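Whole structure, please, built from the sequences with the hints as guidance.
Residue numbers (our numbering), protein chains in the order written: chain E, 1 to 638; chain A, 1 to 104; chain X, 1 to 185.
Keep in mind that the hints were calculated from the coordinates and are not lab data.
The model shown is predicted, which means the values in this text are computed figures rather than measured ones.
Errors might be hidden in some of the hints.
Covered stretches of chain X, as calculated for chain A (at least 3 residues, CB under 8 Å) [unchecked claim]:
{"no.": "1", "region": "6-18"}
{"no.": "2", "region": "39-51"}
{"no.": "3", "region": "54-60"}
{"no.": "4", "region": "102-108"}
So the derived label-pair ranges between C-beta atoms look like this [as the list claims (entries may be wrong)]:
{"no.": "5", "chain 1": "X", "residue 1": "Phe115", "chain 2": "E", "residue 2": "Ala597", "range": "30 to 38 Å"}
{"no.": "6", "chain 1": "X", "residue 1": "Leu97", "chain 2": "E", "residue 2": "Gly596", "range": "55 to 63 Å"}
{"no.": "7", "chain 1": "X", "residue 1": "Leu149", "chain 2": "A", "residue 2": "His90", "range": "20 to 28 Å"}
{"no.": "8", "chain 1": "E", "residue 1": "Ala610", "chain 2": "X", "residue 2": "Pro114", "range": "29 to 37 Å"}
{"no.": "9", "chain 1": "X", "residue 1": "Phe115", "chain 2": "A", "residue 2": "His90", "range": "28 to 36 Å"}
Note that beta-carbon positions come from the ideal geometry of N, C-alpha and C, so glycine has one too.
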Amino acid sequence: MLSYAWLIPVFPLCAMAVIMLLTHRNRVVSAALSITAVSIAFLYAWAIAFTVWGNPEVQRFSFDWLNLGPSMHIPIGIQIDGLTAMMLIVVTTVALMVQIYSLGYMHGDPRFSRYYAFLSLFTMAMLTLVLADNFFLMFVAWELVGLASYLLIGFWFEKQSASDAGKKAFITTRLGDLGFIIGLLMIYTGCGTLTFGGVFDAVKTGVLGGAFLTTAAIFLFGGAIGKSAQVPLHVWLPDAMEGPTPVWAVIHAATMVVAGVYLVARSLTIFMGAETAAMTVAWIGIITSLMAASIGLVQNDIKRVLAFSTVSQLGYMIMALGLGGFTAGTFHLMTHAFFKSLLFLGAGSVIHAVHTNDIREMGGLHAKMKTTSITFLIAAFAIAGIFPLSGFWSKDEIVASTLGHPVFTVLTLLVAFMTAFYMFRLYFLTFTGTPRDKHKFEHAHESPKVMTYPLIFLAVLSVVSGWIGLPWLHHGFSSVVYHHEPHHAEFHYGLAAISLLVGLSGIGLAYLMYYKRRIDPDRIATSMSGLYNTLLNKYYFDEAYEVLVIKPYYVMCQGWFWFDQHIIDGLVNGAGAFGVLWGRFQRWADETFVDGAVNGIGWLTRGFGATIRYLQTGSLQNYAFIVFAALVILWILR
Amino acid sequence: MEGIGLIHYLTLSAVVFCIGVFGMLTRRNAIGVLMSIELMFNAVNITLVAFARYVTPATITGQVVAIFTIAVAAAEATVALAIVLLIYQHHRGIDVDRINFMKW
Amino acid sequence: MDTISLAFYALAFLIIAAAIFVVTSKNIFHSAIYLILALFGVAGVYVLLQAPFLAAAQVLMYVGAVSMLMIFAIMLTARIADQTIRHTNEQVLTGLLLSLGLLAVIVYSLWQTPFAISSDPMPEGAGGTLGKLLLTQFALPFEIVSVLLLGALIGAVVIAKKDSVRRDPEAPTTPLPKSIEKVAG
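Structure below.
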C-alpha cells in the first residue's frame, strides 16, 4: 500500500502524457482522463493518510538515482509521514475540486484539453514535491511546479498581460530558486547527502552548524520566499491572476505557494538549528503578512484582494514556522488551502457571472447567486478566524506560537484584524447592498452545478477541517504531522478569546463601513490620501523594482551591449578577419600545391592513357598480334 | 637422314601453325580469319597425333585429345560462323578491322 | 628415300602450299577450296601416322562439315568475289615478320628438345582402342564435349536467326544508344 505511493504522481503524469499525445482533440475524453487520474490520486491520498495517521512511523522507499562512487551518491525516493500525508490530501483535494470546477469555467475554451494537460502536469509536480524524501527530488519537482505555473498563468498567452505575468512569475520565482539551489549545494558540501533524514541528523549531531548552517538555511529560505511570494519577491503573485481563475486557485491557494511553506516546514530542523535564520524567517513572514494585509484593505479588484490575502496568510504560516510553530504553520497551511481555494473558486464563480473583476461594479449578487454567496461567506468567516470554523483553530495556534515574542503577538493580531476587515469589505461590496452596475447585475446568474458542487464540498471542509485541532482531542493536529516528541501547542482559551474578538471587530468595522454605510470609506481615503495611495499602489514595490532593479539593469545591459558591440564583437570580428586571411592563404596554398599535385597526377594519368590508348585498337588482329609478339618476346627473354 | 621421324611432323606442324597465325593476323575477311584458325587447329592436331605415334604408341591418348580438338573446333566454327552471319546482318560487312565497335 | 618419306614430303608440300594459298588468296572462295585441300593433306598425314580413324574423322568433320559451313557462310555474306577491295589489313608486313619469328622460335625449340621417342608398336585395331578409351577413361570429357556440341548447335541457331532480338510490340521502346543504333542501322 505505502510502497506503491509513488504511483500517486504517476497517475496525473500519465494523464498529461496521454492527453498531450493522443486525446488532445477530444475535450471530453481529455477532461475525463485528467479528472479520473486526480480522483485516483485523491482516493489513494486519503487511504495513505488513514494508514499513516494510525501508524506514526516514517516510511521511506528509495533507490539509487545517481551513483558516482563514494563522493557523489544521490538516491531518490519517497517518504511518507504525517506531513506528507496531509499535503497529499490538501493537494489532491484542491486539485480535484478545481478540475471539476474547471469543467464549467473553462467550457468552450479552444485549448480546453491542453488546459487539463497542464493541470495534470501541475498536480503531478506538486505531488512529487510533497512525496520526495530528499532535497534533490524536491528541487526537481519544485522546478516542475514553476514550469507548470508558468504555463498556466500564461495560458491565455494571446493577452500581452497574461504572457507577461507568466514570465514575471517564472523569473521572480527563479530568483528565489537560485537561493534554493545555493542552499542545497552548501548543505551537500557540508554533509554529503541530500536526503531529509541524513541532513537533519547532520544538523542534530552538529556536523552542520554555526554560520555555515545559518547561511545555507537563509539561502534555502530564498526558494520559499520566491515560491510563497514573501517580501521582497511577492510581486509576481498579484499579477499571476491573469491566468484562468481556477488555475489561480490551485496555484495560489492550495499548492504552489504553499510549496514554500512546505519547504520551510519540512526542513524546520535546519532552521531550528540556526537561530538567526529562523528569526529571519519569522520577520520576513510577519512583514509580508502585515504589508499584504494592509494592501488588501484598499484594493478594488476581487482577485487582487484575494491574492494579497493569500500573501498575507502565507506570511502568517512562514512566521509561525520561523518561531518554531511547526504544528501551527502546517495546520494553517491545510485549513487555509481549503478556505482560500473556496474563496478563489467563489470569486471565479462571481467573475464568471458578471464578467468583471472590479468590486465597485458588483453588489447585491447574493440575490442572484445564493450558493456562491453562502459558501463565500463561510470561507470569509473561516479566514477571519470565527468560531467554530477551521480558520479559528489554526489561527489560534499561530497566535499561540508567538507567545514569548510580544511584538509578533501584537502584529499577528493586527493582521488578523485587517484580514477580517478586508474579507468582509469584499463580501459586503460584492454580495450585498444595491447593484452598482445594473447591466451586469441583470446578466448575472448562478454558476452551473459542476462549479457550485466543488464550492459546497470545499465549504464543508472549511468548516470541519479545523476540528482536528479541537483542544480536547488528543494532542490535536500535532499528532497528525509529528511522529516523535510531538511539539504540542497548548490551546489558550484567553488568546482564543482575544483573537476571536479581534476578528469580530474587524468584521464589525467592515459592517459599519460597507453595509450600514455609517462611516464613509471615501472620506477616510481622502483624509489619508498619502497612506491610501501607498497601499493602493502596493507600497510602490513594482515601481521601486522598476527604478531600482530594472532601470539600472537596462542601463547595465546597454553598457554591456556597447561592450559586446565594440569589444567582444571586435574580438570576434578580428578573429573572423584573421580567419578569412588565413583561409585565403590556405586557399592559395591549396590551389597551388595541393591542386597542383592532384592536377599533376591527373595530367600524368591522362597523358599516359592518351599514349597507351592506341594499344586498345578494338581490332582483334592487333590483339592477337600482341599475344604472339609477347610469346616471341618472352621466349627471347627467357 | 634415316626415314621420317617425329621431328619432321612437328616441323610441318609448326610451319602450318605459323601460316595460320599469319593468316589470322592479316586477313580482313572474318571467314578468312576463321579458316586460318582452322589451319592452326590442324597444325596442333598433327602434333598430337605425331606424339601419339612416336612418344606414347601404347596408349594412344594423343589421338583421343585430337578427337576432342576436332569436336571443339567444329563447335567453335559453328558458333563463330553464326556470329559472323549476325554481324553481317547488322553491319553489312565482315571486315575484321571494321568490327571494332566494342573499342572504348 | 622410301615410300613413307616420299608420301610425307608430298603431303607436306601439298599442305604448306595449300595453306599459303588459303591465307593469301584474294578470293575468299578460293581460300575455302584451298583449305579443303590442306585438310585433305592433313588427313593423309594422319594415315601416315597410323591414325586411320582420325583420318576418317578429319575428312568427315573438316572437309565434309566445317568447310561446307565455311562455304555456306561465304555465300551468305555478300561481295565474295569482289577483288577490288584489299583482302589483307595493314599489318601484313609485321604479321609476316612475326609469323616467321614465331616459326623460328618454335622450330629452334623443337630441334633443341630431346623427345622421349618410344619404339613400342602401335596397337592393332587402333580404332577399337580409341572407342574403348573414349567410353571408359575419357567418358566424362566425351560427355562434356557432346554437351558442348549441343550447346554450340543451339547457340548457333539462336545467334544466326534473323531478327534474333525479337521485340515485344507492346513493350515501351527505349531508344538505343547512339553507338548501337549506328551499328544496327
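Going down the list of hints, with the structure as the test:
no.: 1; hint: 6-18; result: holds (count 4)
no.: 2; hint: 39-51; result: holds (count 8)
no.: 3; hint: 54-60; result: holds (count 3)
no.: 4; hint: 102-108; result: holds (count 4)
no.: 5; hint: X:Phe115 x E:Ala597: 30 to 38 Å; result: violated (59 Å)
no.: 6; hint: X:Leu97 x E:Gly596: 55 to 63 Å; result: violated (45 Å)
no.: 7; hint: X:Leu149 x A:His90: 20 to 28 Å; result: holds (26 Å)
no.: 8; hint: E:Ala610 x X:Pro114: 29 to 37 Å; result: violated (49 Å)
no.: 9; hint: X:Phe115 x A:His90: 28 to 36 Å; result: violated (48 Å)
Hint compliance for this structure: hints 5, 6, 8 and 9 are broken, all remaining hints hold.
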